[in-house]
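These protein sequence lines are chains A and B, in that order.
For reference, each letter of the first sequence is one residue, going 1 to 286 in the numbering used here.
For reference, each letter of the second sequence is one residue, going 1001 to 1363 in the numbering used here.
Simulated from the structure, these hints should not be mistaken for lab results.
In this text the structure is predicted, and so the values were computed from the model without any measurement.
Keep in mind that a hint or two might mislead.
What the hints assert, rightly or not - For lysine to any residue, the following SDA-like pairs were computed, each having C-alpha atoms within a straight-line distance of at most 25 angstroms:
(1) B:K1106 with B:A1341
(2) B:K1343 with A:C234
(3) A:K225 with B:Q1068
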Amino acid sequence: MMSQAAARLPHTKHGEATIMKKLIFNTMILVFCCGVISSAFSEEVICFESRKGASEVTKHDLQPGLPNVKCSPKTGAVLWWGDPFDDTVPLGDMPLLGHISPDKAVVKPRSGKLTILPMCGVACHNGVGPAFIPPTLPKDKKPKPLPMMETLLPDAQNLQHGRGGIWCLDCHHTTQRNKLVDNFGDPVSFDQPQRLCGKCHGDKLRDWRDGIHGKRIGEWASNGKKRWFVCTECHNPHNVQDGARNKGFIQIEPELPPQLPKGMKNANHEHVHGISQPHHGASSQH
Amino acid sequence: MTHNKIPADHSTELPSKCQVQPEPEDPSEVNSRRDFLKTGAASLLGAAALMTQSDDAQANIEWAEHFQGNYRLMTDQEKVEARARLEKRYSEEYGKAVTVDGTPAKEGVLLGYALNIRKCIGCRRCVKACVAENNQSRGPDAGQRIEWIQVMKMARGEFTKDKMADGYPESQGIQYPEGLGIQVGGNAYSPAGVVLEGEYFYEPEAVPEKDATYMPLACMHCEKPPCVKVCPVRTTYREPDGIVVIDYNWCIGCRMCMSACPYWARRFNVTTPVLPKAEMNPKTHYLGNRPRMRGVVEKCTWCIQRNRIGRYPACVEVCPVGARKFGNLLDPESEVSLILARKNVFRLKAELNTFPKFFYFFD
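My request is simple: use the sequences and hints to build the entire structure.
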């Protein structure tokens, strides 16, 4: 159904920052945060932009009467942006995108949405200490089950990407664990996943660069300012190969169907036609 | 609507024409004519006072709105006045500063739309985003909920051996006298005469469903729109940048356009539209999302209030799979032009020669 990442609870910014700073007092602070969150939820409306659990945004007013987003009452998805460039930063260097001026292409940074990312660079995987001299790289490409990682990252238990051909360190940097890795072993920011994904999905990267693949909001002119959506805003890289989806995405909850015309009790007539039930359909049509 | 405000004596409107006539010889007649002119002028002033200086501002606006011309034939000044009138009325009605834009089409722009039919997952977010943007009616009763986009679910076709006979009349137990396994029209799975058959009211727990293909339908902004051809009052027309628009004030609600449209794109306000004040989008365009009245037809304008100032339509921005693309067909670098150059593209019901500017494509 929904991605497992969706199970992660959204935190308030305040709570998030506190957890980053003081890992040791995690539990204490969490208890403290519970009170803050429960009181904050009574006023705050949190919707998600493209993927539930990975692109949350808090509803607020840009100006009196102009909300930053309008959300669906049924699914909680963002339906409408008051300002498409709210909270965005320049896309940054991208090969073959020299013709687009930096202020015309903006993205929403992903790092802020990844709740455990700040920990990745400091706690266990900071690349310093006796365990890393010389770097103790795994001997084979079989991920070992690490109970803590599996708790933090439920997706990691069951990687659905590459049909068994790839593993963690094909995408994540060996020593800088708060970075991804490109073709040449250089670290890539989590804000620019396209530089990593394009390694294998070159055709998609080309289409994305030209605006044919993926999503952009803002101005429609080819030289207009646009907010680009990067790969991981829409795709969960850990379960893109999910068997339940049949079109490149995990299944999501749909919005409500249209209103039935006056006098129509239900839409059962739609199930009786030539395609789904050839024999019944034939009798009703002729 | 405002008939009680109109002066009862319509003869008072005549003297303006009489003034140019030469004065007659007979003094008595002169007097009577002069008296008549005097009373006429007085009544005219009275009527004018009623129209412009009455305390009931709403009634004045409605009066003026009622007698305004076809938007296309108005002078620039009249257009400005018409929009100002509407801004005043809407602002009072909805309790916020409503703007009614009138930005005309840009030179060198022919708008086009492309939709990736293989990507669409049928989530209907475009439908709801359109409603959030375009001030459609959203009441609870039948006929009060208007949506410009409809998403149709179709069975995904596949050519398997056991299904090969489907769609032929004989396979469905129908015996035609001339039936020799010859199919006339239709395709292998759907009998002749059945076009675009599918489900509009599907409501699963999650989409996309297995073996389903989703096809969103809305106004195709045809180059030769049948709806424009049939409109008896010429209130719907094609703008220079390719958007087919409606002047709601000039619409008589005959619904000829609805029956002419082969894409079922037009909606009719059967009831007085229900639009809560809090949900009303105050950024409107005269030809687009300004609040409509009862008895007029409305439809997709590719969010004219947004695209005329450079912004993507709401449905393009909301699509979670990025299936919707929008741009200038005359710009070879635009997204739509690149799709036309590189992808497999088709237009719905191309055989009708409506030349839609809405293209379906697949990777």
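Hint check results:
Annotation: proposed proximity of K1106 of chain B to A1341 of chain B holds, straight-line Cα distance about 24 angstroms (limit 25 angstroms). Straight-line distance between C-alpha atoms of K1343 of chain B and C234 of chain A comes to about 22 angstroms, which keeps the hinted pair within the 25 angstroms bound. Proximity of K225 of chain A to Q1068 of chain B is assessed by CA-CA distance (about 39 angstroms); at most 25 angstroms being required, the pair is judged violated.
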